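In the order they appear, the protein sequences are chains A and B.
Each residue of the first sequence is one higher than the last, beginning at 1 in this note's numbering.
Each residue of the second sequence is one higher than the last, beginning at 1 in this note's numbering.
Rather than coming from a laboratory, the hints here were simulated on the basis of the structure.
Heads up, the list lumps identical chains together, so a pair's fine if it works in one copy or across two of them.
Here are the simulated SDA-like pairs of lysine to any residue, each with C-alpha atoms no more than 20 Å apart in a straight line:
#1 K435 - P511
#2 K404 - T382
#3 K49 - T440
#4 K115 - S129
#5 K115 - D519
#6 K49 - R410
#7 K115 - E71
#8 K49 - A417
#9 K435 - E408
#10 K404 - N276
#11 K404 - A316
#12 K435 - L501
#13 K435 - A504
#14 K115 - A525
#15 K435 - D499
For clarity, every value in this text was computed on a predicted model and none was experimentally measured.
Protein chains: 2
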Amino acid sequence: MNITGEMLIGQTAVRGAEGSVRAVNPATNETIAPDFGAGSTAAVEQACKLAQQAFDTYRETTPEQRAQFLEEIATGILNLGPQLIERASQESGLPAARLEGERGRTVGQLRLFAKVIRDGHYLSATLDSALPERTPPRSDLRLRKIAIGPVAVFGASNFPLAFSVAGGDTAAALAAGCPVVVKTHNAHPGTSELVGRVIQQAVAACQLPAGVFSLIIGSGNEVGQALVSHPAIKAVGFTGSRQGGLALMRAAAQRREPIPVYAEMSSINPMFLLPNALAARATQIGSAFADSLTMGVGQFCTNPGLVIGLAGEHLAQFQEAASNALKAKAAGTMLTPGIHSAYLAGVEHMQAVSGVDAVGRGMAASAPCAAQAALFATDAATFLASEQLEDEIFGPSSLIVACKNEDEMRAVAEHLAGQLTATLQLDAADHALAKTLLPTLERKAGRILVNGFPTGVEVSYAMVHGGPFPATSDSRSTSVGASAIDRFVRPVCYQDLPDALLPAALQDGNPLGLTRLVDGALHTA
Amino acid sequence: MNITGEMLIGQTAVRGAEGSVRAVNPATNETIAPDFGAGSTAAVEQACKLAQQAFDTYRETTPEQRAQFLEEIATGILNLGPQLIERASQESGLPAARLEGERGRTVGQLRLFAKVIRDGHYLSATLDSALPERTPPRSDLRLRKIAIGPVAVFGASNFPLAFSVAGGDTAAALAAGCPVVVKTHNAHPGTSELVGRVIQQAVAACQLPAGVFSLIIGSGNEVGQALVSHPAIKAVGFTGSRQGGLALMRAAAQRREPIPVYAEMSSINPMFLLPNALAARATQIGSAFADSLTMGVGQFCTNPGLVIGLAGEHLAQFQEAASNALKAKAAGTMLTPGIHSAYLAGVEHMQAVSGVDAVGRGMAASAPCAAQAALFATDAATFLASEQLEDEIFGPSSLIVACKNEDEMRAVAEHLAGQLTATLQLDAADHALAKTLLPTLERKAGRILVNGFPTGVEVSYAMVHGGPFPATSDSRSTSVGASAIDRFVRPVCYQDLPDALLPAALQDGNPLGLTRLVDGALHTA
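Just chain A, same shape as in the assembly (with noise of 0.2 Å):
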């Protein structure tokens, strides 16, 4: 498939006239063929128009032909082949098998969703019958989910494929019957056009109005806004810094209407290790928590940012088998010429606070991106006195706090803001220590994980990938698994409507098929 360069509004190929933009192989520093021309908000209100033409015809189509649609996307992108991968692959830094895999996941999300909008769960189709005998009497009441209306979704720089044009956000706003206008993240422009097309194609192929989908390219944050404050968005879907995220919430606040956003932005995912576990294992558990530091280089909203431990031999144990283990682990190349100076200036940070010790280091860095691993330690007065010690660092960065006790423990829990994760290595005997830890990590986080690590975010039912703020501006969301299509949707009550009016989800002869909750039991079709 060609890259024009160009923007997608709805069916059309659209060349922005408002300054071009290129991606960078950040391995080399050397800029990538083609220019991208970049839209002004003319292109903004144009495709947000589209979405909004679209709107009322897509969210009404079968959940059978939006299910067919999300598999023609799926196909679409594998029919990409290695074209894809070489793309992202240059764009990204990231090496081919690790984008074969997350195209993998991208596909099985797409796949997911198609499933989820067959079984119909989340329409929460419910109905309360009639009661015209009782004083006063009964309408009859039903409620379904709709749609929420078109959404902007901004992708991720880490995952150019599973959180991006195609990613958890789009899949999940399309599969609820949202419109969406996904705004290229500017690392990787030519695999957004790539997977933008697929899109396109597939709006095509499955007859839907051509506003269904958009794809913007913007050169400052100007387009991005205008898109947030369009009065036909509904919602917006966003990867990245908190920064970044911040500013959307502040745009949709301002708005005459305000929308939600999702913003998953910044989490440190505690790692507790747990006295038993650690005495058994500290070795163990050591080197294991350097590999998933630094896989990826570190580049994940999950990575094991901060590790409590008491401080003490097993402690000392772990700590050195996570600095033998660094030792070896080559220094990568980070996504982004950007995001390889804020890793930097983060450890430079991290090394001049009073009280914080670096303890292991990676191996050197020579490729011009590239990240050497970074390992510090410090002791709980130190890190529940100084705020900065939670910012997260993106990349293959931690600190160790020591803690002299339980409560101390404890208090480093207490003491941290909101998390997408957190884990506990723990062993039979460390039961009912983790029992005093648990309420307090349920608070702060959105997924609880034990004797394992928090990178590697499975998309199934039961996952969450959310957590309080600041990891996500919404913590009644997850933006990866299922219920990822929640946010999508919001109900609206029938009351006495004729059969031939209501719509399928609800009437008498359930012909979607639907679980449903009638007068307050689930009902099977």
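Fit chain B to the known structure of chain A by using the hints.
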């Protein structure tokens, strides 16, 4: 029960020293004893701290414990007997019969939530089995929803029982496992204290932590702002004016950790008269409409403030029937002097709009806060050109909009802001036109009614009392009905937790007997 004028902070009663508040009887404009001592931000701090301390214990009480607690509150409210009705009637001007009905509804919704938590569907218990043989292996993943945290509740003046201290927001939050801090509505402080003391006693009787409930009094906005800004508070429930709701939304967005605000604000509840229904029953609909408009002196969020029909003899018949019926409607006492003067100002404003005619009035007012019903008429061109005609006039005032044709009717529908309800009066021959209006109305409203009137909101499983902004601050939710509990929970995923550390909702043996989604399929216990 003695009304003391104290705040209820956990299990204590505390007299506020920041000035005092007295209720006013709107029927006489006289104040009612006793004085209520207004609290300071120190009282807010104390209540929030207690709520925070109570949270982990309270949220992990069993569903049965919380259900019994809600039932204990319901019984306590009934046991207040005539004292509650008398005091509420004095403070609100609402007649005893109406308040008895409202008490039934309040008790009913507490009992509904008891059933909702015993059923446990709101927990969304979801289990994905481990797949150790897969490459990469899949962990055991389990999801449940947990309470979001302490909730601040601001009651409404127009439902001193059902939308106040033990109203829908409080019932839903307590059901979810959230401690509640209520800011007393100064229009009914005595009613608030009586109900607050019932909850306080129920907390003690059920041996729950003291901080599960507090009731704060404030003379101005400062106490409310402090409450919404307190770090322990994790969500806000509010029913009232758009101005009040927007102030709370701003305060919540400006927090270091932004939190959800569920504000139910303003709605004019359009009613569309479709041509065949109008030809068949113009007089009957007109007269029934006048009943709905003046019920409760028009002081319902769902009051029908806008009527849209095709210009012509049948619309004239409707208008005449409504006007005639209004002539016989007595001017009822409004809830507060402030609401009464706002109503007078709104009616005056409407009268002054060029192109709007006054076409009907109720009986003249003589008592202090009595409101004379008002009916206005205009054409669609005038309505579409003047934004202020969409402003809610809280009270028995409505505007008829005459459209030249069906296209203009659809244009009016498309022009509307978000609404709690939209109503269609229709016959079978109107279905084709209704089908062209319904997609727009679904985008605009939380509830769509056919051949009824929007006043009267059933508390049931399928009810939605919500809708797009400005009807509410969050269209994804309802403040009435079983799914109101969804506002106060958030999902947490548990990865590879041993059964001993899992919450009961997710344990292998399913001790709560929940319906759970297991590997994508619903399993009933």
